[in-house]
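Undergrad: Below, each chain spelled out in residue letters.
Protein chains: 2
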Amino acid sequence: MSVLKTEVRPGGYYDSIVLMQLQAALADLPGVEDAGAVMATPENRALLEASGLMSDVAVEAGPADLLVVVRAETEDAATDALSRVDGLLVRGGTGGGDDYRPRSLESALKVLPEARWALVSTPGRFAAGVAREALDRGLNLFLYSDNVTVEDEVALKRRAAADGRLVMGPDCGTALIAGVGFGFANRVRRGSIGLVAASGTGLQAISSHVHALGGGVSHAIGTGGRDLAEEVGALTARQGLDLLARDPGTEVIVLVSKPPVPSVARSVLGAARGTGKPVVVHFLGFAPPARRIGSLYFATSLPEAAWMAVDLAKSAGAVVDAEKDPRGEDGGASAGGYLRGLFAGGTLASESLLALKNFLDPLHSNMKGDTIRPLEAVPRSEFHTILDLGADEYTVGRLHPMIDNDMRVRRIAQEAADPEVGLILLDLVLGDGAHPDPAGELAPAIAEARRSRDLEFVVVVVGTDEDPQDLASQVAALEDSGALVFEDLTSALSRVVDRLVEVVPPPLPPVEVELLSAPVVAVNIGLESFSESLADQGAQAVHLDWNPPAGGDDQLMAILERMRR
Amino acid sequence: MSVLKTEVRPGGYYDSIVLMQLQAALADLPGVEDAGAVMATPENRALLEASGLMSDVAVEAGPADLLVVVRAETEDAATDALSRVDGLLVRGGTGGGDDYRPRSLESALKVLPEARWALVSTPGRFAAGVAREALDRGLNLFLYSDNVTVEDEVALKRRAAADGRLVMGPDCGTALIAGVGFGFANRVRRGSIGLVAASGTGLQAISSHVHALGGGVSHAIGTGGRDLAEEVGALTARQGLDLLARDPGTEVIVLVSKPPVPSVARSVLGAARGTGKPVVVHFLGFAPPARRIGSLYFATSLPEAAWMAVDLAKSAGAVVDAEKDPRGEDGGASAGGYLRGLFAGGTLASESLLALKNFLDPLHSNMKGDTIRPLEAVPRSEFHTILDLGADEYTVGRLHPMIDNDMRVRRIAQEAADPEVGLILLDLVLGDGAHPDPAGELAPAIAEARRSRDLEFVVVVVGTDEDPQDLASQVAALEDSGALVFEDLTSALSRVVDRLVEVVPPPLPPVEVELLSAPVVAVNIGLESFSESLADQGAQAVHLDWNPPAGGDDQLMAILERMRR
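Keeping their order, the protein sequence lines are chains A and B.
Letter by letter, the first sequence follows residues 1019 to 1583 in the working numbering.
Letter by letter, the second sequence follows residues 1019 to 1583 in the working numbering.
Next comes chain A alone, as it looks inside the complex:
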């Protein structure tokens, strides 16, 4: 019969590595079957429970308390193991080595005055304070720590941006600057592909695939997973895109993130277009509106993003030239205004809704979707609206809009009368069974709507050269009315997205591009292994022997913080 013994050590700060080492050392002691040394968060207590290491004593502990648990063959073995905890904690905590270790950022910067970077991997509740101090001292940040609040993230990033400095993170696991990996990073060939990633393992997977495909990476800038959230507004991603735009070694850019909300999607893709370089975009789980829109190339998986980037890098010069300011031709097409989609074809309506919901907000429809808003009054459009006018509710005692154009002709006039409308998206489906001359009724309505103002019409025509309506003359009639006509939906949607994604100027002041070419010199605060890996890669780093202010006591820390301000 095993014996379980638990010790609770209230409050204070314990280094994660020290705890891992403590747990391993306890488990190795004679007569000990298993051991745990964790902070008493709900998740950690549940994990102890799953390993049969949870006791009544542990139930009382709170998230700031340390739990040390041993399960041993005998009472004596358990008692003996716990008696060694103090000794093991001290041994683990020394960090080993004979080097001089600065204990403050100030003294670290005396050792390494040319440092440009601070790597911060302290526990989350201390990280914002450490990061503020590093910004005070003019450093750029690689902020590995997680459990940092979004308010702290916004404050740190705004402040850094105002000074032309970079905050990668919080919760940024990886970056590659001038060939040197920060945090977790794979060793990859240097080359002409730059990355901006709000996804840590996304950055690692893509850069590894690029390497395997024979390509190489110029720099890979991590942003932290929350950078593209609405509150943060992609501040680091936009700085990163701007840096890679100005970096002469980068010819192709890859942007990877979870799908952002529409306003951020527009601004970050606008910043991507503003780079003047081809950008491969991979938004995880995002159904791309097209495979390519101007200089933006949409990938659907991590390996595909790498493959596309390597392929583009092979012919980068030519592509860049062809893609510069892809919207220059019809200058000023990107006027504002709401979009109104008036569809006869249900699939075309649905596919348009799915593709455009990532860019339009608020988006209303009579079709359902997770971010789609219902129409408050059926006939009146609101904000951006996409309607399936062939849906059941519109065809009671009424012919389908593929046969009867009356409803759409009236609707075009109604939408055109709304001064907030900037673009009307229509379909026109030819073939047997459909109206014998739909363009003959819709084109005059379009021409009439455009008579008073410069309203853009984008029309997708579905049909073949053998259809009874004569495809060519239907297209010609629509074009004569001033509509932009496309013969597939993807091209029509590309045009719409092209119009929505306006080039966004980079944040000011710019981060000096020399930051990317200068040798990496860094102060490391937190996980010692990150210092070692910088040294292994030939970068200069000094490890700060960091301890939390006030020994990690929250109340005392708050008082110190107030005094500091």
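Hint data in this document are derived by calculation from the structure and do not stem from the laboratory.
Every residue gets a Cβ at the ideal spot worked out from N, C-alpha and C, and that includes glycine.
Among these hints, one or two may not hold up.
A few chain A positions that, by computed beta-carbon distances, are all more than 12 angstroms from chain B [claimed, not checked]:
{"#": "1", "residue": "Met1057"}
{"#": "2", "residue": "Val1103"}
{"#": "3", "residue": "Arg1119"}
{"#": "4", "residue": "Arg1416"}
{"#": "5", "residue": "Pro1528"}
Result set (DSS-like, lysine-lysine): computed pairs, CA atoms no more than 27 angstroms apart in a straight line [what the hints assert, rightly or not]:
{"#": "6", "chain 1": "A", "residue 1": "Lys1375", "chain 2": "B", "residue 2": "Lys1375"}
{"#": "7", "chain 1": "A", "residue 1": "Lys1375", "chain 2": "B", "residue 2": "Lys1386"}
{"#": "8", "chain 1": "B", "residue 1": "Lys1386", "chain 2": "A", "residue 2": "Lys1386"}
{"#": "9", "chain 1": "A", "residue 1": "Lys1386", "chain 2": "B", "residue 2": "Lys1375"}
{"#": "10", "chain 1": "A", "residue 1": "Lys1386", "chain 2": "A", "residue 2": "Lys1375"}
{"#": "11", "chain 1": "B", "residue 1": "Lys1386", "chain 2": "B", "residue 2": "Lys1375"}
Derived coverage of chain B by chain A (criterion: at least 3 residues anywhere in the stretch with Cβ under 8 angstroms from a Cβ of chain A; other residues may be distant) [to be verified]:
{"#": "12", "segment": "1032 to 1041"}
{"#": "13", "segment": "1054 to 1064"}
{"#": "14", "segment": "1261 to 1271"}
{"#": "15", "segment": "1309 to 1323"}
{"#": "16", "segment": "1462 to 1476"}
{"#": "17", "segment": "1505 to 1519"}
{"#": "18", "segment": "1572 to 1578"}
We have chain A already, so just place chain B on it with the hints.
TA: For chain B alone, kept in the frame of chain A given last:
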């Protein structure tokens, strides 16, 4: 000053074409500015309102009442217009032509006894009854009508399937059988590409694009937009796939639909694999798990689906041979059991969740998503579970699982002890900063878990040949433990989906494939223009001069229906 006059005609049945003609005729009368002739549904009343045609009288009318509205320059002109309604209704209603027109299905089948098809486009509330009668008489159905309940759809489809017959619809706008378009259809070259579509304009767009690309269509089977809903279970789609599998003229199949729920996705894709032919799948707005899984090719847009199909058709013979029973190699890998994903990399976890949520239900996770369920207790997995073990809540006072394998080693043992688990999905991320030998700790845990039973492990390794851990030996250690190892996530996920999508046998009894090769002979009930377009295409059709039973009176109809049973 205009005068608005409204007449309400309660109850009864009015043909949609008659109403369109009535409205146009009224609007053409001298002194009339605008007119409306619509059933008084909320949507139609709102549309009248938007056109300035709504009056107080109309507010009182219900959905079964006809509203006739004129806006005229003078009182006299309005009165005169309304006085002509009866005459116009009669004129419109005759349908013109001198041919004999059968007034019942029985007499129609005397005219055309070899008819195999009924095209039904009556108003929705009458359609199920008409469809039942057509099935009684041994016909296959093209059911254009919308506003049919899902209960009626299920009943019709189950009954037809039990007799080896096909119900395309309800709300099926289009089909192409042996080169003849039903309903709305584009004229396209015949060829080797067959379509099964729950999306009407999807079918039209893809077949038109196939034609434009120089390819051709064998048959295109519409299913109605709701066929892949959970209640209907893709009955028509599965019959359609089976028909095209047995059709010697079809070499490549395209399947297009809105994304189905996971159980239907598995069964319809299982049926697709069962065809033994390459199938291009386009689920609208669906992020495909891979570009290709065995014989399934995933497209991300309508034009891309067409392009992929044409490309596959060019080399169809070779592809078909290579793809037959693509899972034969490791026979029996598709055993059941829940999936547990235990990820160190957040992006890999997130990308897996997004790709697999379309196939797994219920799916639990500590990550959020619209169909994702939270975990009830943090550490215990439930049903299918995918965990990001590097998330904030797991790293308080604890090293990241890329550095410390302890949590995952424990978790592997815990999941393996659950007899309902069939597959464990892991990642292993190499590089600077990560654990120096993760496979050295995870591989023994995998081997131990597999000692007692045949538990499948799928591992994705992210790393390069220059990483300090030595990629090749990490992969070898994992493979020695019995895991299937992949060096990119897409391949790993393809393996998982491959295992989930088991070949599904076709519904029995089969629909006779001769239905596709026989000349199209049909009875048309509803929209006369569909008869005309069949005739234009050289098919034989008889138009039934249909009127609703009991003149469309709901109460009388219900009594008749009860008497009929």
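Undergrad: State for each hint whether it applies.
TA: To see whether the hints hold, each was checked on the structure:
no. : hint                  : verdict
1   : Met1057               : violated, 3 angstroms
2   : Val1103               : holds, 15 angstroms
3   : Arg1119               : holds, 20 angstroms
4   : Arg1416               : violated, 6 angstroms
5   : Pro1528               : holds, 28 angstroms
6   : A:Lys1375 - B:Lys1375 : holds, 20 angstroms
7   : A:Lys1375 - B:Lys1386 : holds, 19 angstroms
8   : B:Lys1386 - A:Lys1386 : holds, 20 angstroms
9   : A:Lys1386 - B:Lys1375 : holds, 19 angstroms
10  : A:Lys1386 - A:Lys1375 : holds, 11 angstroms
11  : B:Lys1386 - B:Lys1375 : holds, 11 angstroms
12  : 1032 to 1041          : holds (count 6)
13  : 1054 to 1064          : holds (count 7)
14  : 1261 to 1271          : violated (count 0)
15  : 1309 to 1323          : holds (count 6)
16  : 1462 to 1476          : violated (count 0)
17  : 1505 to 1519          : holds (count 5)
18  : 1572 to 1578          : violated (count 0)
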